[in-house]
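For reference, the chains in residue letters:
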Amino acid sequence: MTAEQNILRVNQLQISATEQVSGQPSRRIVIVEDISFDLKRGQVLGLIGESGAGKSTIGLASMAYGRGGCEITGGEVWLDGIDVLKATPAEVSKLRGVTVAYVAQSAAASFNPAHRLGEQVIEAALQHGLMGRAEAAEFAIDLFNRLGLPHPEDFGNRYPHQVSGGQLQRAMTAMAMCCRPQLIVFDEPTTALDVTTQISVLASIKQVIRESNTAALYITHDLAVVAQIADEIMVLRNGRMIEHGSTDQIINHPRDEYTRSLVSTHASEWAEAGDSDHEPVLVASNITAAYDKTNLVLQDVSVELHAGQTLSIVGESGSGKSTLARVITGLLPPLEGDVSLHGKLLPPKLKHRNKEQLRVMQMIYQMPDVAMNPRHTVSTIIGRPLEFYFGISGDERRSKVIDLLRKIELGEEFYDRYPAELSGGQKQRVCIARALAANPELIICDEVTSALDSLVADGILNLLMELQEESNVAYLFITHDLATVRAISDTIAVMYQGRLVRYGKKSTVLEPPYDDYTELLLSSVPAMEIGWLERVLESRGELSN
Amino acid sequence: MTATATTVKISAFTRFVAMLSPGARVAAVVLLLLLAAALLAPWIAPYGENEIVGEFWESFSARSWLGTDQLGRDLLTRLIYGAQNTFLIAGTATLLSFTMGGFLGFIAAVSGGAVDSLLSRLNDMMMAIPTLIFALVILSVMPSSLIVLILVMGVLDSTRVFRLSRAVAVDIAVFDFVEAARLRGERTFWIISREILPNALSPLFAEFGLRFAFAVLFLSTLSFLGLGIQPPEADWGNMVRDNRDGIIYGIPAALIPAAAIAMLTISINLIVDSVISRTSSLKGGRDA
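Line by line, the protein sequences are chains A and B. Letter 370 of the first sequence, counting from 1, is numbered 370 in my numbering, and no numbers are missing. Letter 140 of the second sequence, counting from 1, is numbered 1140 in my numbering, and no numbers are missing.
Incorrect hints may appear among the rest.
The following residues of chain B were derived to be distant from chain A, with all beta-carbon distances above 10 Å [stated by the list, open to error]: (1) Gly1023; (2) Gly1072; (3) Gln1084; (4) Met1125; (5) Leu1164; (6) Phe1177; (7) Leu1183; (8) Gly1185; (9) Glu1195; (10) Asn1199; (11) Ile1276.
Straight-line C-alpha distance at most 20 Å; calculated SDA-like pairs for lysine to any residue [unchecked claim]: (12) A:Lys349 <-> B:Asp1245; (13) A:Lys355 <-> B:Arg1184; (14) A:Lys355 <-> B:Trp1190; (15) A:Lys351 <-> B:Phe1134; (16) A:Lys349 <-> B:Ala1041; (17) A:Lys349 <-> B:Gly1023; (18) A:Lys293 <-> B:Gly1185; (19) A:Lys407 <-> A:Asn439; (20) A:Lys351 <-> B:Ala1041; (21) A:Lys349 <-> B:Arg1184; (22) A:Lys351 <-> B:Ile1107; (23) A:Lys505 <-> A:His278; (24) A:Lys351 <-> B:Trp1190; (25) A:Lys349 <-> B:Leu1183; (26) A:Lys351 <-> B:Ile1247; (27) A:Lys351 <-> B:Ala1114; (28) A:Lys400 <-> A:Glu387; (29) A:Lys349 <-> B:Phe1016; (30) A:Lys355 <-> A:Lys293; (31) A:Lys407 <-> A:Glu396; (32) A:Lys351 <-> B:Phe1189; (33) A:Lys349 <-> A:Ser285; (34) A:Lys86 <-> A:Gly69; (35) A:Lys351 <-> B:Gly1112; (36) A:Lys86 <-> A:Gln12.
Derived by calculation from the structure, the hints in this document are not laboratory data. Even glycine gets a Cβ: it sits at the ideal position worked out from N, Cα and C.
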């Protein structure tokens, strides 16, 4: 058990943050406590947990870095035989980049848009004097090749905006690999990617880790993803270790209650509604739309939605699903086609619609943080639609707002709170209450659960389904998450590059035979089992051969 | 009801004071003293505004603490009355420029499209003309009155406020909560006053302090050139002009009103800097 055997040895790590409330003396709060693990060459440890679990903080601490007022206040971090907490700044700076490298979640925000990718990939190697320019450039091309990037010789000459999100994430992995580090910290490297892209990036990362025999810390909130890549998994919650074991043990025989709940999320599934004889609430027919009249974002899309049912629009980023919502709400008048509500044509432009037409159609957004005015209290946020559409004010408004708060399972004590005083899930609940306040017949939910942790997201989905049963409201549910689609939909529309590729009842859309794209999409969703990645790649290899 | 309202006000005030840096607290005291002097001028000034109390350019004495000016009037008295004019004119002009520039800037940002282009290009046109020359031309043609002076200063300054408030509002208008208000069917005025304005207040407040300081300097410049406050009324700017010849003879009378202008602008800047550094983010809630 000497430090030489382990690339990284973390012992009883404690990290504190300084909390500053204006007008009060600053306080120290411990955000990570008693974390210990060893990491050997070629070994991958997955750190998993919800937001706020401290996984990124631990990842950065292993590089002797504390961000935003965080400070390592206890324990030891040994990196390649050096105690990094006692090392001088010069030693630490040498460790970073050479011994340990970091791959961030958002590659788009991590590359300088003004420089070519190749320059940025080899920058650290040149900076630390590890290689000459020619040698480094050659090594970068080798890395691009191994990461499966197109035209590896020429790839480095491109600028960040000229490559796709998945390619950028792989370029960032190349940047981390360029100094041949002993340890790489991956911080949610595939979270911002579409499932179909995620699978190839995962495969690339797994391959280069194995080939170069480095150790890796893989931080993610997605247990199914980490199961494909890690040898061991550590489950974290609120900065404490919940469970640490081999991947097999965590996935197949979780010991802790919390781990079990993570493994079994999305257990609930609602049955599909039968055919409705009534006239549909919403019909969008032959919609063609564009932002600049030349590039069509939507082409000939037709969907319809019945009262009390859920239509899921599923697709990758750029497939046009949010644009469809903009057309339906009137924010973007379509070039062709029209939208009708209860059989009556809706004016294409928002400003030509009347109050009643606006009232029946409400919207819930992806990011509850920016969907609510930070300067309004919950009572104003929920109360305004009551006042605006129904002219309710005073005590009646107060009691109605409190009723709505009870409906979304929050109590009267939230009445005077500001959005900043709510958690992510609570914020989204308030947004739901704001939509409900208008007593709508249709709610458009734009990726409403994708910014939330899986357990919280499940709570939101449960609430939405209960409300649907109560009030017979219809949902137009826009999402990229197939597990959610499977759970809640009655009808599913699969979109790809602005067209509907598959549309129908859930039972038919999710059953074979599939079209090529739906097949690709469905098979790309990580399954909570070891070896899934290899199996999928193998079967795809067979297909292409 | 009144009791709760007062406690809310008091706690808001203590929070504001707690937010200020030590330098800004000193500056706030200076500003309050100057304001009190301006408001209470007739009662606290030792002499009448235009009363001749002794020889011209007398030095500091027990009779007139800061000496006398080029006509033998008490400098302290003139400073106190000058503060009145400076605060009234610069303050009203700044208020005017903020109401006008801010409102138009918000309208441009929220409406977008043709309205935005029209307002922005008109504003650019106004800004293309050097402010001082524009003011000199208008003030020498128009009859000299307080209202014209305030209007000219306010309108010219509103072009800067327009730019800032438009830029701030454009950033806020892209948030989903503004889209949600649009989808609800809210009118532009409601969106401006309830969704945009509360979130734009801290940068605008900071700018208000700066523009007020500029207005004081601008008024002083105009008075110095003879187009601002007309004699015999006191104003810090024309006090500098009237007494500047004394400097040649080693008489500091011009430096005293100049120091008052410097003190006022520095105080405002200190407070504004402190406020900006604490409220630059759009996090909302109670403390922001």
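Here's how the hints hold up against the structure:
1. Gly1023: 17 Å, holds
2. Gly1072: 52 Å, holds
3. Gln1084: Consistent with the label, Gln1084 (chain B) stays out of reach of chain A, its closest Cβ about 35 Å off (over 10 Å).
4. Met1125: It holds; Met1125 (chain B) is separated from chain A by about 29 Å at its closest Cβ, greater than 10 Å.
5. Leu1164: Leu1164 (chain B) clear of chain A: closest Cβ-Cβ about 19 Å, beyond 10 Å.
6. Phe1177: With a cut-off of 10 Å, Phe1177 (chain B) comes too close to chain A, as the shortest Cβ separation is near 5 Å.
7. Leu1183: About 6 Å separates Leu1183 (chain B) from the closest Cβ of chain A, which leaves it inside 10 Å; violated.
8. Gly1185: Given that some Cβ of chain A is not farther than 10 Å from that of Gly1185 (chain B), nearest at about 4 Å, it is violated.
9. Glu1195: 6 Å, violated
10. Asn1199: Violated: least Cβ distance 6 Å, not greater than 10 Å.
11. Ile1276: At about 14 Å from chain A, Ile1276 (chain B) clears the 10 Å cut-off, so the statement holds.
12. A:Lys349 <-> B:Asp1245: 68 Å, violated
13. A:Lys355 <-> B:Arg1184: Satisfied, since the Cα-Cα distance of roughly 8 Å is no more than 20 Å.
14. A:Lys355 <-> B:Trp1190: Holds. Lys355 (chain A) to Trp1190 (chain B) sits at ~15 Å (cutoff 20 Å).
15. A:Lys351 <-> B:Phe1134: Violated: Lys351 (chain A) and Phe1134 (chain B) sit about 41 Å apart, past 20 Å.
16. A:Lys349 <-> B:Ala1041: Roughly 60 Å separates the two Cα atoms, so the pair is violated.
17. A:Lys349 <-> B:Gly1023: 54 Å, violated
18. A:Lys293 <-> B:Gly1185: 26 Å, violated
19. A:Lys407 <-> A:Asn439: It holds: about 13 Å lies between the C-alpha atoms, which stays within 20 Å.
20. A:Lys351 <-> B:Ala1041: 55 Å, violated
21. A:Lys349 <-> B:Arg1184: 14 Å, holds
22. A:Lys351 <-> B:Ile1107: Between Lys351 (chain A) and Ile1107 (chain B) the Cα gap is close to 16 Å, so the pair holds against 20 Å.
23. A:Lys505 <-> A:His278: The hint holds at about 16 Å.
24. A:Lys351 <-> B:Trp1190: 15 Å, holds
25. A:Lys349 <-> B:Leu1183: Roughly 11 Å separates the two Cα atoms, so the pair holds.
26. A:Lys351 <-> B:Ile1247: 66 Å, violated
27. A:Lys351 <-> B:Ala1114: 16 Å, holds
28. A:Lys400 <-> A:Glu387: 11 Å, holds
29. A:Lys349 <-> B:Phe1016: 45 Å, violated
30. A:Lys355 <-> A:Lys293: 29 Å, violated
31. A:Lys407 <-> A:Glu396: 17 Å, holds
32. A:Lys351 <-> B:Phe1189: 15 Å, holds
33. A:Lys349 <-> A:Ser285: The hint holds at about 16 Å.
34. A:Lys86 <-> A:Gly69: 19 Å, holds
35. A:Lys351 <-> B:Gly1112: 14 Å, holds
36. A:Lys86 <-> A:Gln12: 15 Å, holds
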